[in-house]
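Residue strings, one per chain:
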Amino acid sequence: MIAHTPRMVSHEAFGSDTAAIVANVPDPASTAAPTVADAAVAVAGLEALSDELRGCAILGPGGEALAATGDLATWDGAARGLLEAADRAAGEPIAHAHVGTEEGEVFAVRQGQFAIVAAVERFALAGLMLFDMRAVLRDLIREAAAPAPKPRARAA
Amino acid sequence: MPPKPHRALLDRVTGYADEAAAYLRRRRTTRQPFARVHVPGGRIRSCAPETEAGRELFRAAAHVIDAAR
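Protein sequence lines correspond, in order, to chains P and V. Residue 156, in my numbering, is where the first sequence stops; the numbers in between run on with no holes. Residue 225, in my numbering, is where the second sequence stops; the numbers in between run on with no holes.
Hints in this document: simulated from the structure, not taken from any laboratory. Heads up, a few of these hints could be off.
What the hints assert, rightly or not - Residues from chain P shown here face chain V by an in silico Cβ test under 10 Å; the list is partial:
no., residue
1, GLY45
2, GLY60
3, GLU64
4, ALA79
5, GLY81
6, ALA97
7, ARG110
8, GLN113
To be verified - Short, incomplete list of chain V residues facing chain P, as computed with Cβ under 10 Å:
no., residue
9, TYR179
10, ARG182
11, ARG199
12, ASP222
Ideal placement from N, C-alpha and C gives every residue a C-beta, glycine not left out.
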C-alpha cells in the first residue's frame, strides 16, 4: 500500500483568509441607498461622459430628484412628470423612454429603484446615450451597496 | 487608360461618405417628433403625437427640455 503524502498545503491558508476577503466584497443585494452626494457625483459623471447632454436629474426610490444639473425643484417636477406619463403610456413601469421633439430629445432610464431623466441635443445617438445613462445608474447603485472603508488601525 | 488603383479606392470612399452625408441630411429634414416607451420584457410602444398618451409625453418632455435651459 502506498502511503498518502500531503502535497498541497495552500488550502490551510485559504480557510484563515476567506473571511477577511469576503468582508470587503460589496453585496449587490444590499438595500443601502445612494446619498445626495453620490447622486451629484453621478450627474457630474454623465455630464463628463456625454457632449450632447443639456441637463439631467437622478430620481430616488420615492421618485424624488436626488441631484440635477440645474434647479432641483424644477427638475423634480419635470422628471417625475415624464416618468409618470411614460408609465401611463406603457400601462406598466417602463425600462426606458425616448421622446424626440423639434426642441431636443428626452431620455428616461429606470434601473432598480432609481431613474435618470436627461434632455439632449436633437439627433443624439440613442444607443450611446442609453448606454451612458445605464452605466451611470449602475455605478451609483454599486457604490451605494459597497461598504464604507474601514478606518485603518494605528500602529502602536 | 484604367484609373490608378489608389484613385479607384479614393472614389469609392468618397462615394460612401457622400451617401452617408445625404442620409443624415434626409434624416434631419424628414424626422418627425416621436415618443417611444420600452418595458422590461422588451416590448416597445410608440405613441403618436395625436393620441392622448403621446400628447402627455410630449408635454412632459417639453417641461424637461425647459428645465435643462
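Here is how each hint holds up against the structure:
no.	hint	result
1	GLY45	17 Å, violated
2	GLY60	17 Å, violated
3	GLU64	15 Å, violated
4	ALA79	6 Å, holds
5	GLY81	5 Å, holds
6	ALA97	5 Å, holds
7	ARG110	9 Å, holds
8	GLN113	14 Å, violated
9	TYR179	12 Å, violated
10	ARG182	12 Å, violated
11	ARG199	8 Å, holds
12	ASP222	7 Å, holds
Hint check: violations occur at hints 1, 2, 3, 8, 9, 10; the rest are consistent with the structure.
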